[in-house]
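S.K.: Whenever a hint applies, use it, and build me the whole structure from the sequences.
Residue-level listing of the chains:
Protein chains: 4
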Amino acid sequence: MPTVRDAVLDVLRLHGMNTFFGNPGSTEIPFLADLPSDFSYILGLNEVVAASMADGHARATGRPTLVSLHSTVGLGNAMGALVNAQHAHSPVVALVGQQTRALVHSRAVLTNEHPHVLPLGTVKFAAEPVRAARVPAVLSQAIHLARLSPAGPVCVSVPMDDWHRECDPLDARYTLPRHVFADSVLNPSAFARLLDRVRAARNPALVVGPALDTEEGYRHTTALAERLGAPVWIDWLPDRCGFPTGHPAFRGTLGPDAPSTAALFTGHDLVVALGCRVFRYFVDAPAPHLPAGTELVSVTADPQDAATAVVGDCYLGAPAAAAELLASALPATARAAPGGRVLPLAYTDAAPRLLTAD
Amino acid sequence: MPTVRDAVLDVLRLHGMNTFFGNPGSTEIPFLADLPSDFSYILGLNEVVAASMADGHARATGRPTLVSLHSTVGLGNAMGALVNAQHAHSPVVALVGQQTRALVHSRAVLTNEHPHVLPLGTVKFAAEPVRAARVPAVLSQAIHLARLSPAGPVCVSVPMDDWHRECDPLDARYTLPRHVFADSVLNPSAFARLLDRVRAARNPALVVGPALDTEEGYRHTTALAERLGAPVWIDWLPDRCGFPTGHPAFRGTLGPDAPSTAALFTGHDLVVALGCRVFRYFVDAPAPHLPAGTELVSVTADPQDAATAVVGDCYLGAPAAAAELLASALPATARAAPGGRVLPLAYTDAAPRLLTAD
Amino acid sequence: MPTVRDAVLDVLRLHGMNTFFGNPGSTEIPFLADLPSDFSYILGLNEVVAASMADGHARATGRPTLVSLHSTVGLGNAMGALVNAQHAHSPVVALVGQQTRALVHSRAVLTNEHPHVLPLGTVKFAAEPVRAARVPAVLSQAIHLARLSPAGPVCVSVPMDDWHRECDPLDARYTLPRHVFADSVLNPSAFARLLDRVRAARNPALVVGPALDTEEGYRHTTALAERLGAPVWIDWLPDRCGFPTGHPAFRGTLGPDAPSTAALFTGHDLVVALGCRVFRYFVDAPAPHLPAGTELVSVTADPQDAATAVVGDCYLGAPAAAAELLASALPATARAAPGGRVLPLAYTDAAPRLLTAD
Amino acid sequence: MPTVRDAVLDVLRLHGMNTFFGNPGSTEIPFLADLPSDFSYILGLNEVVAASMADGHARATGRPTLVSLHSTVGLGNAMGALVNAQHAHSPVVALVGQQTRALVHSRAVLTNEHPHVLPLGTVKFAAEPVRAARVPAVLSQAIHLARLSPAGPVCVSVPMDDWHRECDPLDARYTLPRHVFADSVLNPSAFARLLDRVRAARNPALVVGPALDTEEGYRHTTALAERLGAPVWIDWLPDRCGFPTGHPAFRGTLGPDAPSTAALFTGHDLVVALGCRVFRYFVDAPAPHLPAGTELVSVTADPQDAATAVVGDCYLGAPAAAAELLASALPATARAAPGGRVLPLAYTDAAPRLLTAD
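Chains as they are written, first to last, in my numbering: chain Y, 1 to 358; chain Z, 1001 to 1358; chain X, 2001 to 2358; chain R, 3001 to 3358.
For the record, the hints were derived by calculation from the structure and aren't laboratory data.
Virtual Cβ for every residue (Gly too), placed ideally from N, Cα, C.
None of the hints are false.
Computed, partial: chain X to chain R, Cβ under 10 Å:
no. : residue
1   : Ala2182
2   : Asp2183
3   : Ala2211
Label-pair restraints from in silico Cβ distances:
no. : chain 1 : residue 1 : chain 2 : residue 2 : range
4   : Y       : Pro177    : Z       : His1164   : 55 to 65 Å
5   : Y       : Ala292    : Z       : Leu1176   : 51 to 61 Å
6   : X       : Pro2288   : R       : Ala3060   : 35 to 45 Å
7   : R       : Leu3237   : X       : Ser2189   : 26 to 36 Å
8   : Z       : Ser1189   : Y       : Pro259    : 35 to 45 Å
9   : Z       : Glu1226   : Y       : Pro331    : 34 to 44 Å
10  : R       : Ala3060   : Y       : Tyr41     : 54 to 64 Å
11  : R       : Thr3003   : Y       : Ala285    : 17 to 27 Å
12  : R       : Phe3039   : Y       : Arg219    : 49 to 59 Å
13  : R       : Leu3330   : Y       : Tyr41     : 53 to 63 Å
M.R.: In structure tokens:
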């Protein structure tokens, strides 16, 4: 089984972050020792230097760039450079060493005591994964966030005993390769890519989130659903309802977990998720997020939702505008409209029931 | 001379925030007493209620909505409701009472002790103006930020003795009515508005910021400058240079203060600012930001820059993409290209000197 | 009239902080230019160096030591050194430059954008005075807090236009020379000093705060009041009542402002304040905190109350234990017990009324 | 094997916290369901009410009091009440629900998204244990900190899947019953207790930390070592050296982990630790902190060190003053002085070597 470190190196490769910078200490050794030959580690003898080099590399390449910092004082030393990166919208990804999990709370030597608070004021996102298996996913989120507009530095603290733990594929499903497009979906070339993807779908399904609960949202999502002949779900326990529940295409809410959600998409080759979290689970279940053969693209205006989505490619931008443009650009479908009328959802404290009337 | 309160009420009117919610205490009385008849104050008897009503109003109207909270405990009571507003991307603007400035640092009764730290984790922006005359500007920024994508709550703390202080028009120039468009500039209807504005300009000028320092940025800004026949400045003390300094249209940097910057724009009816702060002053000078008859529109991907710009209307979105679309949509100009070749800038510790060679 | 800078230099002299360290930038020039000859400024060419020297000086001398840091990036660069100072309980006082107040909220070049948030995780106290006249008082508080147990670094941000503003003596009264004893009052030598001070009082008065609202607190404060023959007030709008309201010595609450509070102490040469804020004003009034000829000593377990007290010397430690030790060590008084019985307080929304029954 | 919940209930019993308050949600159910009959849970129908009841209970009893809060919005709702508790120095212990660890980073429904940042400004300590087995220890630290002067609220977030995990006794050794005395050690009755404990020791050992690295510290710790005839260690990798390395009693540093440290204390029935962390480990090793039959008492001025010590009872207060008082109150020892002269320590990157010269 791959280790956390294996999975992290794959995340870095996916983002082209093979060249990185740092000033090492013991808490980073499990990550740094025996680095594969496709990675280059460039040493700076104070974190000001290492983080500034990473900042320059990020500006020159336009790509997120990693800087490996030593626990607490190392992060502290780098903070002036992170302020500069913040002002320059430079996507510097600081990876900070932490003591082993067993010793963090007794404030052992080299504990990174305030990983969530120390970097405040300089970074867009500061996190320490709540368990080892989440390290690749959290680093992946951080990289996406660093790139997304307005770009800027982020910070992830990793306990030193996490690196060599096994990374279960069922956990890894949260870290599947995903593309989050930093260009707005409304950029003509980005939109063309989305349009091609949707046009190629044989049997698409829609999921709409609370962001569509506006007059404009209802108009454009119903138009899109009708143009696609697609069934529509809203997400689970939504703050608000982004689609008219009386519309024939309406199918109720997604499920509270991965199996019940994935089951709904059987037979659909593409899920188009607009303005919602992907997915707003309530219960953890070790299962795939989508049926085999189903893919997902989402559009959201919230960079954090884009970064934390558990599956699929994501476009940043206003979902209502994306729906409008899609509806007007797509040809009329030859697909039959979804059969039957779905009555408004009856919530229960068990799984949501969908009542279908013929 | 108008008071701070007068200026704040005008800011609220500008944003259509005449209906607001609250649970009052003594620190808010100078703001609330004798409210003009075009304002409605709706009372909630705990801040949970008042802030939740404001959240509902913001969701239902799609507009930023004010909630007036009592100092410290009042803000604390509202924080559960602010968490909900954050999750729902609801633009709730919390205005929190603070003791009189003379008593804040002795921790007098009703001091809002941690106005910058207490709301962390729920709001996009937390501020307390560093002097009374800045209250209208800071509230204006907060309102813009609350609306801009991803929308969400913001928080401004106002010392109770600020409300009846005079608000000098020279300070108020930072609070001029401005439109910040929450729609992306790449939304076709928003872009059409920007295009009309630029097309109508008789003699436009360009300012480009560090965000354009990419291959794509250089290509599209030079194309736009040539299409417009417009001179180009970069902003003052830029992190990076967003325009080729050897290009004939290049004119050097803006000045370090309002008078030296405004002077450069004499004769231009429109300044188009792309990917820069408006303006990155170093020195305060009580003077207009633009010459009489000059207007400004800006495009930036950074909501904070959009909200804190001191003058002009602003479009959110990628400035390079906006330049590309403008350059391709504008007709060729009949204007002469800017005369002369401007040598690369020589920095001095005095005002920047521009060396022109014929 | 003295300037803010004059008053700050006096605060530094009072604490023996004539030698300090820094790496200067333009925002600090108004403070640093033409430094009086009794001050030594030791230059470090990066803030890591300057702050580390200050840390070493503080450890070697046992005294709070100033480091002058440049705005935002300067503070950032110093943060690794501040982490070290925090771990070593070293009283480093970081004084950080800030733009002029007029430009802070437009995020001008050199703005210290997050003075309250950036230093979080490393300092005990981070502040930016809400007006120029408070700078000396806030710096004084910061120095006291840095020294008090557990000692550690603090941070104060000062707008560059504050330094040359006039500092009104009525504001300066918040900055009167005060001693805050870092030793616990229960240290035998510290207690001896307090005991001497109380024993020497001709006609002392007591103020007791919410911290004495325990069985132990009531027992020891009543014993002390009786031993001293002293009248007893509780502080204004207290969370809880630290003295039995039916006791003959009880006199009600202090006033909501300086004049009404000071008036109560007429004829008393010493006020002994136990476990309360000094003073918990509600209303600002430019007047002395005590009548001429009256002095004050306080005992509190809260370092922040000790540091922010507006007048008098302060001992850190448990006020109930201090009362117990004082009561047992003081000789019986020859003073008459306070005359008359004071009825329990009737609160009104006007000033507190004291109802005296003969 | 006991579960995390079993261990937490024992921690609560130890502190007499059997009555607690709350407003439940699903994330707290694993903790609350089937509560043992010696616990009383008092329901409040909004967190403002539950937290205010806990505050009142803490004030009335003088004991730390638990309030169980629902994830994120529940904590938000309680924050006004926590502000009140903070002002009143009331030791309210907020226990906040969190999603299951697997779902936290995908921001699932009911995720407590900012457990370290949301409560800032109201609490002395905010934590989320980095693994399930640390929950009892972190809660124990939080309770100690809430009580220690200046008392005030604290906040601990617990993932819902932690409650029923097994709690290994080797982890539990970090949670052994410990007393941390909130009274200063300089309080005569507290000091008497410490004196009795030290006087009763058959063969005590001393550990001194960086806080003793002052003239006063050296004087009093050498006097104490000589009076006790005790060997002296300094802690591992100390910032500074709190004992003269040339003194015959000096024995070098403790070890970097539990086994190497415990081994040094073989044959000593009592370790007296002054002004140091207990213990400053660098490496985790699942072993007891002390040999069988050895106990430990510590004196520190740092409440956080008192709360996070891994073993032994702790007195708050100045360690140098405690050493002075102990040295003067203890009888001369009949024990032989520690044999041999220990040469100054030679640091290596392996375990510290102690060179003994006869």
